[in-house]
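When you line the sequence shown up against our numbering, it's residues 1 to 226, in that order.
Derived by calculation from the structure, the hints in this document are not laboratory data.
Predicted model only: the values in this text are computed from it and were never measured.
Some hints could be false.
[Said to hold, decoys possible] No more than 20 Å apart at the CA atoms, straight line, and that leaves these computed lysine to any residue pairs for SDA-like:
#, residue 1, residue 2
1, K214, N169
2, K17, Q29
3, K98, A51
4, K98, V5
5, K17, A63
6, K7, P59
7, K142, W185
8, K168, Q208
9, K168, D216
10, K7, A79
11, K7, R53
12, K142, S173
13, K7, T60
14, K214, R143
15, K142, V220
16, K7, D97
[As the list claims (entries may be wrong)] Ranges of calculated distance between the beta carbons of each label pair, as one might list FRET restraints:
#, residue 1, residue 2, range
17, A83, G198, 47 to 53 Å
18, A55, S162, 34 to 40 Å
19, T148, K93, 43 to 49 Å
20, T148, E28, 21 to 27 Å
Here a beta-carbon is modelled for each residue, glycine too, at the ideal position from N, C-alpha and C.
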Amino acid sequence: MADSVTKVAEVIGESAKVLRLDAKVTLEQLARVAQRYGLPWTSGRVGDFEAGRTAPSLPTLIAAAAALGDAIGRPVSLAELVAGNGRVQINDKLSLDKSALHAALSGGSLGAELVAASDETSFLQENLATMPMEISTVHWPKRLRAITQGLRSAVLRDFSESDARMCKNIGVSEVLGATAMAALWRRTFTAERDHRAGPDANAQRRGQISRQLKADLQQVINDGDG
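With these hints in hand, go ahead and build the complete structure from the sequences.
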């Protein structure tokens with residue numbers, strides 16, 4: 001009996017779903033993290049991606065892998081999203097074994113006819129083996145680069161609208177803002193503010209604490225101190 005052929009979007013989506021469920025991450029949590037990587041996803045859009053109902057582009061796949069990695073607390077490569085056995089349908093005229101696609105996404109070689117058919121495939125072969133599926137931190141202060149992806153992900157999962165507004169107010173992405181919060185307090189700005197203020201603090205006291213925490217965030221982002 002011939003092997004069944006599965007669309008590549010379905011293969012990637014199913015693998016992503018398995019990783020998400022294993023980490024006990026909800027659709028809503030992954031959607032929120034994905035938005036920080038430029039994907040306008042809702043829980044429904046995540047469901048569509050996992051079901052293979054969309055045909056994601058290469059940039060979308062890179063952002064999705066980065067978001068998934070942050071959501072589950074460890075890096076996820078594109079190759080990891082091609083799991084199992086069987087054949088994968090690339091387009092109307094081409095299918096290949098999952099093992100071959102996995103090898104290609106890990107830096108291996110595909111057939112010459114496939115390479116010639118698509119510039120994007122050539123890009124995959126040349127670059128994806130070493131492309132990190134997470135944000136670039138090379139220009140961050142050393143203290144922020146030392147924060148683990150797991151800790152950053154934990155802070156991001158607890159983000160509220162107040163935390164997102166703080167990041168926007170100081171002019172940084174939510175990913176960088178969450179990393180700074182993790183470095184300073186190992187929790188969100190909102191959680192730290194409420195902890196310092198206590199349950200009986202008035203608006204003036206909460207405002208004073210918020211301004212101090214904002215200054216601390218700006219300092220650690222600018223030079224790593226704080």
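To see whether the hints hold, each was checked on the structure:
Distance check on the hinted pair: K214 and N169 sit about 9 Å apart at the alpha-carbon level, within 20 Å; holds. The hinted pair formed by K17 and Q29 meets the criterion: a straight-line CA distance of about 13 Å does not exceed 20 Å. A C-alpha spacing of about 18 Å is found between K98 and A51, which places the hinted pair at or below 20 Å, so the restraint holds. Restraint check for K98 and V5: satisfied, since their Cα atoms lie roughly 10 Å apart, inside the 20 Å limit.
For the given pair, K17 sits about 15 Å from A63 by alpha-carbon distance, which is consistent with the 20 Å threshold. The suggested pairing of K7 with P59 holds, with an alpha-carbon distance near 18 Å, which does not exceed 20 Å. Among the hinted pairs, K142 with W185 is consistent with the structure: their alpha-carbon atoms are about 16 Å apart, no more than 20 Å. Between K168 and Q208 the alpha-carbon distance is near 19 Å, which keeps this suggested pair within the 20 Å criterion.
Annotation: proposed proximity of K168 to D216 holds, straight-line Cα distance about 15 Å (limit 20 Å). As the CA atoms of K7 and A79 are separated by approximately 16 Å, the hinted pair is consistent with the 20 Å bound. Between K7 and R53, the direct Cα distance comes to roughly 10 Å. Compliance with the 20 Å bound is thereby established for this hinted pair. A threshold of 20 Å between alpha carbons decides the hint, and for K142 with S173 the separation of about 18 Å falls inside it, so the pair holds.
Between K7 and T60, the direct Cα distance comes to roughly 17 Å. Compliance with the 20 Å bound is thereby established for this hinted pair. At most 20 Å may separate the alpha-carbon atoms for a hinted pair to count; K214 and R143 meet this at roughly 17 Å. Distance hint between K142 and V220 is fulfilled; the C-alpha atoms sit about 10 Å from each other, no more than 20 Å. For the given pair, K7 sits about 12 Å from D97 by alpha-carbon distance, which is consistent with the 20 Å threshold.
Between A83 and G198 the beta carbons are some 49 Å apart, a value that agrees with the proposed interval 47 to 53 Å. In this structure, A55 and S162 meet the distance hint of 34 to 40 Å, their C-beta atoms being roughly 37 Å apart. A beta carbon spacing of about 44 Å between T148 and K93 agrees with the range 43 to 49 Å that was offered as a hint. The supplied range of 21 to 27 Å is met by T148 and E28, whose beta-carbon atoms lie about 24 Å from each other.
In summary, this structure violates none of the numbered hints.
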